[in-house]
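Residue-level listing of the chains:
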Amino acid sequence: MSKGNFTRRSMLMASATTGAALAMPTIFSSAVWADGHTGFTNAPGDSSVTLGFNVPQTGAYADEGADELRAFRLAVAHLNGEGDGGMLNTFSSTVLDGTGIMGRRVEYVTGDTQTASDAARSSARSMIERDGAIMISGGSSSGVAVAVQSLCQDAGVIFMAGLTHANDTTGKDMRANGFRHFFNTEMTGRALAPILEGLYGTDRKVYHLTADYNWGWSQERSIRAYTEGLGWETINSVLTPVGAGDFSSYLTPVANSGADVLILNHYGGDMVNSLTQAVQFGLRDMQANGKNFEIVVPLFSRLMARGAGSAIANIHGSTNWHWSLQDAGSQAFVRSFGTEYGFPPSQAAHTCYVQTLLYADAVTRGGSFNPCAVVEALEGFEFDGMGNGPTLYRADDHQCFKDVLVVRGKENPENEYDLLEIVEVTPRADVTYPVDHPDFAEGQLGTCNPGA
Amino acid sequence: MLGLKKADLRLFLIVVGLVVFAPFLLNPFPESVGMAQFNAGYPDLMQKLVIFGIFAVGYNILFGLTGYLSFGHAAFLGVGSYSGVWMMKLLTMNVIPALIVSVIAAGLFSLLIGYVSLRRTGIYFSILTLAFAQMCYSLAYSVLTPITGGETGLTLSLSDPRILGAAQAADGNIPAAHIFGLGMGESAELVLGDWSFTFNVGYYLSGIVMLVAFYLAIRLFRSPFGLMLRAIKSNQTRMSYTGLNPRPYALAAFVISGMYAGLAGGLMVAMDPLAGAERMLWTASGEVVLMTILGGAGTLIGPILGAGVIVYLESIISTINSSVLHGWFNALPDWLENTLVNIMYPFVGSGWHLTLGLVFMLVVIFLPGGIVEGGKRIAGVFKRNRAEPSGDIKKSAEPGE
Amino acid sequence: MEAIILQILNGLDKGSAYALIALGLTLIFGTLGVVNFAHGALFMMGAFVAVTLKRVLSISFDTIDETRIDFLGNPMVVSTPYVEVWFGPSVGGTIIDWAVPLAVIVAIPIMALIGIIMERGLIRHFYKRPHADQILVTFGLAIVLQEIIKAFYGANPIPTPSPEAFIGSYDFGVLLGFDPFSIMYPYWRLVYFGFAAVIIGAVFAFLRFTTFGMVVRAGMEDREMVGLLGIDIDRRFVIMFAIAAVVAGLAGVMYAPILSPNYHMGMDFLVLSFVVVVVGGMGSLPGAVAAGFLLGVLQSFASMSEIIELVPGINQVVIYLVAVIVLLIRPRGLLGRKGVMED
Amino acid sequence: MGILEVKGLNKRFGGLQALGDVNLEVQESTCHAIIGPNGAGKSTLLNCLVGKLMPDSGTVMFQGKDVLGCKPHEINQMGISRVFQTPEIFADQTVLENVLIPCFAGRDGSFRMRAFESIGSEVDIISQAEEMLREVGMHKKTDMLAGSLSRGDKRRLEMAMSLVQQPKLLLLDEPTAGMSRADTNNTIGLLKEIRTSRNITMAIIEHDMHVVFSLADVITVLAQGKILVEDIPENIKGHPKVREAYLGDAEV
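Residue numbers (my numbering), protein chains in the order written: chain Y, 240 to 691; chain Z, 4 to 404; chain D, 532 to 874; chain L, 22 to 273.
Keep in mind that the hints are not guaranteed to be accurate.
[As the list claims (entries may be wrong)] Restricting the straight-line Cα-Cα distance to at most 16 Å, the calculated cross-link-like pairs of lysine to aspartate or glutamate (EDC-like) are:
no., chain 1, residue 1, chain 2, residue 2
1, L, Lys86, L, Glu46
2, Y, Lys411, Y, Asp678
3, Y, Lys411, Y, Asp675
4, L, Lys189, L, Glu95
5, L, Lys247, L, Asp77
6, Z, Lys8, L, Glu143
7, L, Lys161, L, Glu118
8, L, Lys161, L, Asp174
9, Z, Lys236, L, Glu118
10, Z, Lys236, L, Asp113
11, L, Lys28, L, Asp42
12, L, Lys258, L, Asp238
13, Z, Lys8, L, Glu138
14, Y, Lys411, Y, Glu681
15, Z, Lys236, L, Glu109
[Stated by the list, open to error] Ranges between beta-carbon positions, derived for each pair:
no., chain 1, residue 1, chain 2, residue 2, range
16, Z, Trp338, Y, Pro433, 56 to 66 Å
17, L, Glu138, Z, Tyr118, 20 to 30 Å
18, D, Asp765, Z, Ala10, 39 to 49 Å
In short, the hints are calculated from the structure, not lab data.
For glycine and all other residues, C-beta sits at the position ideal for the given N, C-alpha and C.
Bound conformation, chain Y alone:
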């Protein structure tokens, strides 16, 4: 060890002792930064602001995570005035002018959720603690969203949820610092039921296969409530382990059960496998109770549909957004995204892009990065031009209310992106549910937490 080193170290030690002594009377709490101390966690400096994008980079949802990240990069570019501006040009609020957020250049850090609540929280924490991220966004599952949302609440930063579809995110587990743009299983039920009635009538017998975890149960409960409301009878409902791979032993009993509709409350790899295998087992070609046997996949995703190949033909489901929408906002986004990356964005990419812009907009309108100001600006915010028609961020539960798409798997897709066609755009009024809906009842927002 050289002398120079030694000197420096002893200097550090000395300062450390002083620092500790100063800290003794009142231990500072988490966000006492030397500069820019304005009373909330990770207050940005004058030149830049850091956002944290927490997406699945490994694990089964890695492709979806990669698409989310593309959208985030695009959103950051547009906020900083690079590229063609995308939805900034169609957004009904016009305070964003391509100079970053409140004059600060937007920078971002990324983390890997691994689609596991532990890992997701840990990477979110490190982005907050190490990189000074003031907002966390992204994710591809409800478990992760709920876990990260409660972390952000405790840490005093804003959470703009990515793809999360279970009711709990803005129901039982809602938090004041968290916001969800994506739709939920209740909305899926409301949007899908009338279409199913029109297609398959009111006299149907349903068999549910449900992924055995929170989202699966949420999805089943919602769709069941609405199909039973149509007069459909639920014959059976079987829970399948997540990642089962081979669903044959769950699918074979369906044919002889007397059911004529199979609802697959599966997502991701489970959906790909259960749907393809259901088709392999001939359920699609079967007649039951004198009717064509039908399969319904309540939550459709184009990225997943690709994995199922031709099995998706004529299968109905719901989705948050699809690139073939013709409104100006969607078109602008697809154009920017497609030009940048060469293929159209997924619904996950869309929701992440929109969430980033909404956050930036709320900060600007609220005039502060303080999470409480952001919460105030977002609560009850009405906007348009983001691809789903007029949209409301409801103050009571921080859920966005907007149009929901009912889609169908195309029979003869033109190319590998053209897999779904929009059957119906269910208007916002039809999917809006009351604040005191029993499936959402237990939750409490609490109050916004700016950290300290």
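We have chain Y; now place chains Z, D and L onto it with these hints.
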């Protein structure tokens, strides 16, 4: 002093020093340079480094001493976490009861699993533990959701019936975990020029617990009990014909390591009150095996080093993305910058698993004794060359065994 | 009754995959004494041979079709596979359609080569090392292999359908005297079962009726003895490893239409296969096969809704539960021999 | 009354009668050898004595206590120590530690958690172990890894591990198998020395007649699972039945 031999005492003091000064040691780069990416001195990572240290030190008592390769220790960590959160939900946000109950619950659970699994040895034992852990994971993820929170994980809510303490803090939020009023999230910040060092309450609590756990492990290693555990690994037949019953010894080691795992699990939720089912997955058990072997199974300091390296790699490498890489090399000519970024990109960010896989293939192939053996070899080279005995690796490695 | 027959079919099908992987694992363990955690990765790579072949056969050239537009409103790029140009659209189309069966042929040399490289490059250095080291190094290798596959093919499952001719189901109902349509089973799954039976039969015949096989079996009984006889074990080890890799790879190729291949399918099967091997008895080939089918069938039965209602969650844990019970009652597994892996 | 009494011991393996009505009595302070051709049942008998095998019928009494059904470690704790054909030692541990383990077993019993005491502070135990090592001439190798010892030293070490327990009965399973003539003689010397210095009762199973006749006070000849004859060495040497039994066996 402390009932330790000189070499052990020195090792212990080194670890004490590392723990105390970690906020400095882990933040060697000033904030503004690109290398700051490699800084690890923030609470989440520092806490994880010591918590996984505890986990690995405990696992080493089983695997390193008795040679029983358990693939199910993550289950005990999970049980510790769940019981910790439940204590915080039901009793108090003070972490002490949570930690105590975590250790007890994990101990009881490991007694049960160990009693059954230890009826077999070799890979049969490994598969039994794996089977139990996978069952725990699957059930926790699905059927046991009311107890475990399922996919989301078990977390606190505003309506918890906390007996000693309020369900909500004054500001209407969930109260924070604390130790006698000192919040786990509270930190003191020390800014020196371009450096900033964070001293976090949670980290120092974990650190102290880790030091106690490590101290107990040293005592155990040097005790007659430790001798017997090594005898199990060495020759079980001889052991029983020497009048010793290997089963209760192995079971005791199993339970002790299970309690260490439970303690680690309890600390995890004390630092961040959410217990996810994934921490019970068999790959999580595999990770602690790796930590132990990477550091050097059967050595004192090895597991701590192994845990440090793996946790650090996971946290740091996985957050390096392409823009960070471009940031590092942007001084270079474009073609060189792009080439370097393209070479490195598959190994960082989402590719960190690849790096992890490679690292431990290399370690197992070339350094079966782990980092400690590597340190010894380096030390050996230095001694042969009669060079100044210096270097941190040597210091920490030398008294390992 | 129909339900039971169907679940037995399901179980045999699942069991076929378990048995094929477990067979390779046991071969490697029995002859080489190596615990190979990368075996699942070989299965996965087999499946990706099918994916790759399909892609190779579909290599296309692009033409721009001005009459159609793509999603951005630009003229559409239309790709035509070269195979279709060379052999005409119908023959070419058939070749692409038959990619999976063709991949079986391609996979044999590829998997053998992968096996040889693995054995020569890595595994052979671990014959004398503790089992824990073998587990770790092969586990590391498995991670590396699956990450490489992920880097090239992404994380999403890739649909790899069976040939058109095998799409659809066979009606066992009539054959067995039940109502028509009551027992429908997809052709491809029946093919898979038959294929597995052939492979298992071939491996057993090989071990039984060739000199090579006899030496190998003798080696599984007593390695030192065979070594003392002056037989060149080394060369045989390579071949055994290659055979095990081919068996796992073929199991993967043929499984691709059943389960759209993804990069982590190997890990998913690995743990189960290990449980299968241990339940069957380390080092026992018939044990591995029997346990594979047994656990496959049990798992299928446990997935019936009647059973799940009775014992919630049983479908998730049945294999592990059976493993625990078997190991506690029969310490060495169903057909295990004494003294194997008990150190 | 003998220190060890075996009565009517029977053990079948499938169709093979490994032991048929074996009666044996080992007298205190004697060296009792059990010999017989290959497959005579010597090892089976030994394994029944130490708890590794359970006979189908019969009794084994050690100092008036029933041994059958006890686990190996319980039998050892009663005072029966065993030396193996190939030395069984703790190869990964040092020579000293190898001897410390039986010392602790002797003092603390078959299981005791002493997780916080330091071995270094167990002065009595350490000196006991060191003394024992000196007695077998291994005091200069205390820090070596046991696995790296020569075969002869391993045998000495194993002997030390048994003797330090001060067993009431020492069972030796072919202690010189595979040894050179010189090593064999050394071992015989060692055993003789132990007998005179410690007056330990020994039961020895052996192929090598040289060893047997150098050590034994009484010899029992076993053939096809049955006791052929039991007598003092002088009478065994020329016994016609013994010759007959060994005739088919090349190792007479």
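Verification of the hints:
1. L:Lys86 x L:Glu46: holds (14 Å)
2. Y:Lys411 x Y:Asp678: holds (8 Å)
3. Y:Lys411 x Y:Asp675: holds (12 Å)
4. L:Lys189 x L:Glu95: holds (14 Å)
5. L:Lys247 x L:Asp77: Holds, at about 15 Å.
6. Z:Lys8 x L:Glu143: Roughly 14 Å separates the two Cα atoms, so the pair holds.
7. L:Lys161 x L:Glu118: holds (14 Å)
8. L:Lys161 x L:Asp174: Cα-Cα ~12 Å, so holds.
9. Z:Lys236 x L:Glu118: holds (14 Å)
10. Z:Lys236 x L:Asp113: holds (8 Å)
11. L:Lys28 x L:Asp42: holds (7 Å)
12. L:Lys258 x L:Asp238: At roughly 13 Å apart (the allowed maximum being 16 Å), L:Asp238 and L:Lys258 satisfy the hint.
13. Z:Lys8 x L:Glu138: holds (12 Å)
14. Y:Lys411 x Y:Glu681: holds (5 Å)
15. Z:Lys236 x L:Glu109: With a Cα-Cα distance of about 13 Å, the restraint between Z:Lys236 and L:Glu109 holds, given a limit of 16 Å.
16. Z:Trp338 x Y:Pro433: 56 to 66 Å: For Y:Pro433 against Z:Trp338, whose Cβ atoms are near 59 Å apart, the range 56 to 66 Å holds.
17. L:Glu138 x Z:Tyr118: 20 to 30 Å: 26 Å Cβ-Cβ, so the 20 to 30 Å window holds.
18. D:Asp765 x Z:Ala10: 39 to 49 Å: holds (44 Å)
When each numbered hint is compared with the structure, no violation occurs for any of them.
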